[in-house]
Amino acid sequence: MTQASSQGYICAFACRWCSLLGAERAGRDRLELPAGIRLIPVSCAGSVSADHVIQALTNGAAGVAVLGCHLGGCRHNDANRDAHARLDALGALLETVGIDRRRLLVSWGTAHEAEQYAKLMRDFAALLGSLPPGLEPAPAADGTPEKNPPAGPDSAPEEDAALRDQAAEAVRDGGAVLGLRRTDMGVVPALFRAEEELTDLTAGPKWPMAKLAGLLLRDRALGEVQGVEFRALREEAAALGDVPLRVACRACDARALRELVALRQFPEETLSILPVPCSDARKEACDCPRPQWPGEELPPEPETSGDDLAAKAEFWREQFSRCVQCHWCREACPVCVCPSCSLDNPSLTPLGPQGSPLGYHLSRAMHVADACALCGACQDACPRHLPLLKLHQAAARALRTWRYASGEKRLSPLRAERCIAAASGPAVPQWKHNLGGK
Amino acid sequence: MKVCLFCACMGTLSSTLPEAALREALPDVRLIAADRLCDAASCRKVLESLSDPLPPHARVVVAACSRGARGAQALACLKETFPLFAVDLADIREACAWPSAGADQRERVAQAAALIRMAFARLERSRAERVEPESADGALVIGGGPAGMAAASTLAGLGVPVTLAERRPAPGGMLNQLGRLFPRMENAADVKASLPLDGVELLAGSDVIAVRRENGAWLAEIRDAKGVTPRRFGAVIVAVGAQPVLPGGKFGSGSLKGVISQMELDTLLSAVERGAKTPDKLPSRAVFIQCVNARDDAAPYCSNVCCPTAVKNALRLKALSPDASVTVLNRQMVMPGVALEAMYRNAMREGVRFLHVDDMNDVRVEGDGTVQAVRLPASPDGAIETLDADCVVCSTPLRPTPAAARLAESMGLRADGMGFLLGHEPAHPLESDGEGTFLCGSARWPAFVRQAEDQGRAAAVMAARYLRERRMPMDEIPEDGPAAFIREARCSGCGRCVDAWAPGACHTAELRNSPLDAQPRRRCGSCAAVCPCGAAVLPGAPSPREIMAALGANPSPQRRLA
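As they're listed, the protein sequences go chains E and F. Taking my numbering, the leading residue of the first sequence gets 1, the next gets one more, and so forth. Taking my numbering, the leading residue of the second sequence gets 439, the next gets one more, and so forth.
Please keep in mind that the hints were generated in silico from the structure rather than gathered at the bench. Backbone N, C-alpha and C fix where the C-beta goes; we use that ideal spot for every residue, glycine too. Among the clues, some could well be false.
Stated by the list, open to error - Computed, partial: chain F to chain E, Cβ under 7 Å:
hint: 1; residue: W536
hint: 2; residue: S538
hint: 3; residue: E545
hint: 4; residue: R546
hint: 5; residue: A552
hint: 6; residue: A626
hint: 7; residue: P774
hint: 8; residue: A777
hint: 9; residue: R928
hint: 10; residue: S930
hint: 11; residue: V968
hint: 12; residue: C971
hint: 13; residue: R983
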């Protein structure tokens, strides 16, 4: 049998309580298996993160198998269900960039099921052999950043007037408003305390207010200013003390701020929003995927167009070949709150000419998948205008299967699927996994 | 220095994975081939026969069979010589040589080499995951009955600092009240003496009011005559036992002379056995009534200790006064196990009469001031039997103590409908939901004295191991019991780990680093899998380097900080 050479490696993460024993038994029973299998013992399928799978698939593995205990038989309070939810969302994301999601196999088995394991792995290897070659890693780009596109239409005078009226009310009550100030140099973020200052307040063009507001509110919760971004404005805000602060922002920023509450960055009661409605021209300029405010009913997700993986793969290969790996997308993201990022591990995202940016972008999309407000700050910050919002939209679409949407008060299926009604999730594959199906 | 001990498995492995080919595939690894490594003796022989002994800082991978076959033995032997974090196992038999026997040899060797490199990558990782040891707090055993004494005694024997809190002035619990123990009729005093409390800090007359989780440890409020003292402990063993239900006026108890409880009979028998009382104080016509206040609406469970106790006391009575008649009215004798079954049959041989009664409420105890007779319910043919009696003994069940409910509330333990504390049934019955909390004895469920002792010993071993794991640097944690930890410098306090850990915490937890160990243990690694900062770490979870090794890369040694 010479399957390994034609089909590449299979990384098989096997739970040491059940599946690993089944795999070992298959060896003991001398059941023939492809030599490309690399068995990786894990303490539970729940410890396999999307990062592991992405790393393997973007570094040359033909397929990844995540093998856990039977559902209901997990030794760790159904953590295998969580793994399943995470990896299901990841499958949708892989599909988006043109990697066949069948390259990721999630299945459940136990110690005595050696025959089943062997059949599963043989079928998996055969399937991988029949798939067209996967996404070739895009070479890393170098060169100068492209010029940023204009920020889109500015706000109409009547929009600004409506906003000023609302802000005046907040200021009269003794509060402060965080908004945009129109200056000769364009718009800049500012704090408004007095009614007469409000003449400069504007809804402005699109501006990543959530990032700044998130930092201000976090400073309030911590009682100190940490970090250097927007330092002067944040110190000014800290001097306000406990004065109520209202944030003038758009629906996408509001969602991001709600997610920051869910990520425990500041308490919910400190968050107060002065809504800035988006004009039709604004929505069109943003190509806004989700203009709804938190709490408003979402429209049904449009059907994803086309299954042509090769075309998607080519599209993203072309796009990612322009990525300069500056990681500005991460810095601009309002819900990327980590002081350090696990993607800074050089094994995960090798930099330089050898490094492929695909793994980084996929992993980042998975990291923020349930918190992403679809605000597009990442793509606005990208010097190469990569259509990153499309990636995040794909992940958000996958989570809609669990009736989850960011900004709404729902438990994320990526963190604790097991406690979400099983009925609302997709059908869970049992150990006789249907390799042909999607 | 990378060293690979290659087990030829008496030719099984070397025939499909030639040593020379492996050597070629692993040029930077010192490969030492041995005929077999499946037991400690052969392992030692290989290590001793080396002309160039391995340096103490070597990283050693045993390339042999799976852990479940003999790999674990080889590892155990190597761990005697090398630090735990320096040894790992690569299963190249069940995961490579056997299933890939039909594959091309080049590919098979590449697979084996990758598996060996993955093991080296795991060793790199465990070094990187070393953290500062936590403060070593001792263990608190609550309750000085047989379970608690056995637990404390075992912990002290294992060298763990242990404190035993007992509510009464002296430890012993049921051992102080019972004379002899079934089924072997040992003297309870002898059993108590077999549980020495040397090295145990004994807090007699101290009540544990509440135990709360605080800052990674258990904070116990202990009240004694002088007042309330807070103390910190790493692990807690709950052995508060159970208490007998009183007959409570049933069958004339309290009003008729001669109606006593099984416990009172036990005391009387002990006094006669000691010679403190004469045998003529013993009843001559005793009727035992089983299931008094048990298996009814108030206590809908079988307490499983009362039947053996009744048979034990019937046998003791027969031994002391052979002419006495003993009748045991029962709904069904519950005598589980070979030894108790033998005791039951022995009692029948000795002339103890066992009568089945469907409903004990139909039994009438008659007498005027003193017990004279017991009238049984009518049999199906209408006949009514009346037993002559000068003593009626009520067998009552055990019920949870108020201390159990109090501790369950403050420690967040689960209890069943009756109030007995629940562990992780059925696989880990002595481990409770709380971090580092263990249950034993009748606090869990009515237990025989010997059972309670055994449970106490088992809980002690688990607690000792738990404390040891906490105290050890992470890379010395046994592989089957890794616990996750948080690198605080990298933590954003987002709480994804807590959501993955305890779902109810979503949207409610406090701002900064929620203490992971306050949540029920899962040890699944979900926290690490959902952490985008790389702050939550589960030692033993797959690392990027291991995956790169699986994909054929030869990762360079990790850069280490000085």
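* To do: Kindly indicate which numbered hints from before are broken by the structure, ordering the numbers from low to high.
  => 6, 7 and 8
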